[in-house]
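Asker: Chain residues, written in single-letter form:
Number of protein chains: 2
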Amino acid sequence: MNDMHDMTGLPEIDGARLWSDLMTMGAIGGTARGGSFRPALSGADAEARNLFAHWAREAGLALSVDRVGNMFARREGRDPSLPPLMIGSHLDTQMPGGKFDGVLGVLAGLAVVRALNAAGLETQRAIEIVNWTNEEGARFQPGLMGSAVFAGLLPLDEVLARTDRKGLSVRDELAATGYAGPVPAGGREVHKYLELHIEQGPELEKNGAVIGAVTNSSWGCSGFIEIRGENGHSQTAAMSRRRNALVGAAKLILAIEEIGAAQEPAGMVSATVVENWPNNRVNIPHLAKLSYVVVHETAEGRQAIIDRIEEAARRIAEDSHLDIETTTAHFRDRLDFSPDLLDLTVKTAEGRGLSVMTLPTLTAHDALSIHFVAPVAIVFVPCRDGISHSELEWCEPEHATAGARVLLDMALAAANEG
Amino acid sequence: MNDMHDMTGLPEIDGARLWSDLMTMGAIGGTARGGSFRPALSGADAEARNLFAHWAREAGLALSVDRVGNMFARREGRDPSLPPLMIGSHLDTQMPGGKFDGVLGVLAGLAVVRALNAAGLETQRAIEIVNWTNEEGARFQPGLMGSAVFAGLLPLDEVLARTDRKGLSVRDELAATGYAGPVPAGGREVHKYLELHIEQGPELEKNGAVIGAVTNSSWGCSGFIEIRGENGHSQTAAMSRRRNALVGAAKLILAIEEIGAAQEPAGMVSATVVENWPNNRVNIPHLAKLSYVVVHETAEGRQAIIDRIEEAARRIAEDSHLDIETTTAHFRDRLDFSPDLLDLTVKTAEGRGLSVMTLPTLTAHDALSIHFVAPVAIVFVPCRDGISHSELEWCEPEHATAGARVLLDMALAAANEG
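Going down the list, the protein sequences come from chains A and W. When we follow this note's numbering, the leftmost residue of the first sequence carries the number 1, and every step to the right adds one. When we follow this note's numbering, the leftmost residue of the second sequence carries the number 1, and every step to the right adds one.
Any given hint could be a false lead.
As the list makes no split between identical chains, a pair holds if one copy fits it or if it spans any two.
What the hints assert, rightly or not - Calculated cross-link-like contacts (lysine to aspartate or glutamate; reagent style EDC-like; alpha-carbon spacing at most 20 Å):
#1 K166 <-> E275
#2 K206 <-> E310
#3 K347 <-> E76
#4 K347 <-> D79
#5 K347 <-> E12
Derived by calculation from the structure, the hints in this document are not laboratory data. Since this is a predicted model, take the numbers as computed values, not measurements.
Required output: the full structure, derived from the provided sequences and hints.
Answerer: Here it is in structure tokens:
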């Protein structure tokens with residue numbers, strides 16, 4: 001006898017199967033150090049999608065794919081006319097990323113459905129397990145792409161025209177992978193949306209909690225810096241007279257790191273992207289570009305970070321005789337998630353005897369898009385040392401199972417609402 | 001009457017034509033700020049080559065192209081069996097570069113031949129004006145490519161397989177531009193080689209000299225640094241515990257700049273190339289690479305720079321919890337150029353009433369390759385503020401003419417040697 005049913009006959013998560021699925025999925029695009037390399041709409045992402053589709057059919061689910069490649073695996077409810085409960089996240093990863101970020105939320109959804117199937121339980125509403133296209137934004141930008149189009153936050157045509165660094169478009173890569181679906185993206189009602197995710201931070205671990213009920217998102221934005229110097233010969237031009245754009249970029253990278261460290265843990269910022277022209281050894285760089293993400297628990301904190309970076313840019317421009325321009329974009333304001341679902345998360349975890357805490361999320365999830373069309377709950381489980389977007393990302397098997405169990409109970413409650 | 005002949009009937013450089021040619025050539029791939037963008041074997045480089053071929057034929061020269069795309073425009077001598085005198089440099093530029101670096105040496109060669117033609121003067125030996133392929137190394141590496149293959153320093157097949165950042169090979173781009181010539185590269189005797197070039201440094205200008213007779217090259221090498229940290233999420237990972245490879249790179253860029261500035265003017269070094277992985281805003285960079293060129297007047301100075309960079313790398317690795325590996329390559333030792341030709345340069349300049357000084361070159365020229373198969377002379381003229389590899393690069397018209405006049409007299413002497 002396996003643990004699929006407990007003695008009372010209630011549906012239960014098969015933790016061993018969920019773990020096996022996570023490891024199998026992680027092997028697609030698997031890296032030597034234990035991570036996964038599955039940028040959106042790559043060959044590896046297509047393989048991951050195919051495997052999800054296979055498992056979904058195996059579980060008796062009806063698969064549909066929309067025009068931006070979002071995959072919906074539907075378990076019909078007693079009343080097919082009611083808006084479905086959705087459970088989901090994403091199967092794409094950073095380059096490289098880990099085995100759990102996103103994947104847990106999708107595969108735990110399958111585990112929920114399998115548990116209902118094994119118990120022979122119907123629900124009033126359909127349950128749809130969703131794999132959103134390109135949550136990570138690693139290959140195509142922006143991230144949260146599929147969920148944003150579904151929620152009407154981004155126009156489909158604009159998104160389809162986005163290209164990766166090789167110039168390949170979302171449109172072409174959807175076609176190449178076979179995931180340019182026929183179904184219109186969004187435009188239909190969603191009853192509620194549940195997303196199980198590793199925390200990606202250290203709070204649950206630090207507090208000895210197994211379940212995190214996420215209250216709200218944080219204040220974020222992206223920043224961009226252009227540093228303009230003057231080109232010249234790196235072996236002959238007098239060093240004291242150079243206007244080296246890369247030297248300005250280096251000073252800014254360090255200044256931004258200091259500004260971030262001073263805000264921790266309420267907020268952070270790191271310059272993580274650099275481009276440099278002409279990037280040839282014999283040339284003094286005449287143009288460098290940096291970009292970064294600002295995140296903070298408060299609007300004032302976000303603004304303070306932006307202000308300090310601009311201050312640093314002015315100081316470095318003057319000291320280094322460079323022209324430096326800073327801009328900001330992609331402002332995300334705090335979202336407060338459904339109090340009812342937050343309450344349900346806490347009560348469900350307590351009912352399962354799991355230690356639970358409430359906390360905000362510093363980073364974005366697909367639930368931030370779906371929040372605009374339906375009540376959402378984000379449920380966190382711990383990840384080791386708060387590490388994610390990393391080959392070292394790790395979630396203990398019992399935490400994955402615990403998260404799926406909370407999801408199962410929440411799904412049963414929400415899918416049986418009239 | 002133009003200045004093509006002076007009153008004595010001796011051959012003379014047409015300075016106005018030379019200037020006009022420089023401006024015409026500079027307009028090919030011309031940039032808004034007055035520079036040129038003609039990476040080797042680009043469409044613009046092909047146009048520049050076609051124009052050179054046109055002017056060469058117009059001057060009655062016989063054109064040949066070798067297998068690495070080097071172009072030779074030959075004015076036959078009285079004894080065709082004698083090895084030719086060569087005059088040359090290159091028409092490719094940095095991205096972007098200026099109107100004079102390389103171009104002056106090729107077009108001044110044409111001006112010399114036109115002067116001989118106009119005066120009806122024959123020479124004992126043939127004179128060949130050469131455009132060497134890919135001196136700059138901006139698109140394909142290494143630089144001095146064509147001259148190095150000609151001198152037997154690099155195997156042809158290895159060079160033809162080199163690719164640019166888009167993966168296009170030298171072989172394919174030679175074919176695409178029509179400059180995959182039939183003539184074997186090198187393997188023939190060269191009597192002597194003369195290269196007129198802008199100084200690319202400030203010494204002539206500073207000393208009020210119009211002609212520089214170049215004594216020797218400097219001690220150089222390339223350096224490469226790999227900085228390995230750990231990937232992670234830029235919005236959630238504790239800042240104090242990050243191992244951010246780009247932060248290590250930034251510290252090294254500034255350390256290297258300081259090391260370079262401390263050596264000036266005897267030597268220099270700047271980190272000018274950076275690559276960063278995964279270079280996405282939401283990821284802590286786990287790998288960054290830097291590279292740079294070291295140049296110094298002495299072997300000890302070169303070594304001291306290398307040592308100090310390694311020292312800085314060790315210190316930064318420890319402070320920032322990063323793995324940093326430094327390597328060096330492409331060592332160039334000092335070359336002492338032909339004393340006879342040096343003497344001829346000085347005497348010729350003096351004979352023309354031009355102020356002349358001797359000086360080393362910090363940077364490489366095609367003459368450094370040809371030095372291994374024939375005596376070479378490098379003749380410098382001033383460039384404004386020592387600026388080169390820059391859209392602001394500038395050579396006064398009278399200096400271009402003065403250089404070409406010295407080249408003319410030297411060519412007449414060398415091409416009439418038995």
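Asker: Looking back at the numbered hints, which does the structure fail to meet, lowest number first?
Answerer: Result: hints 2, 3 and 4 break, sorted rising.
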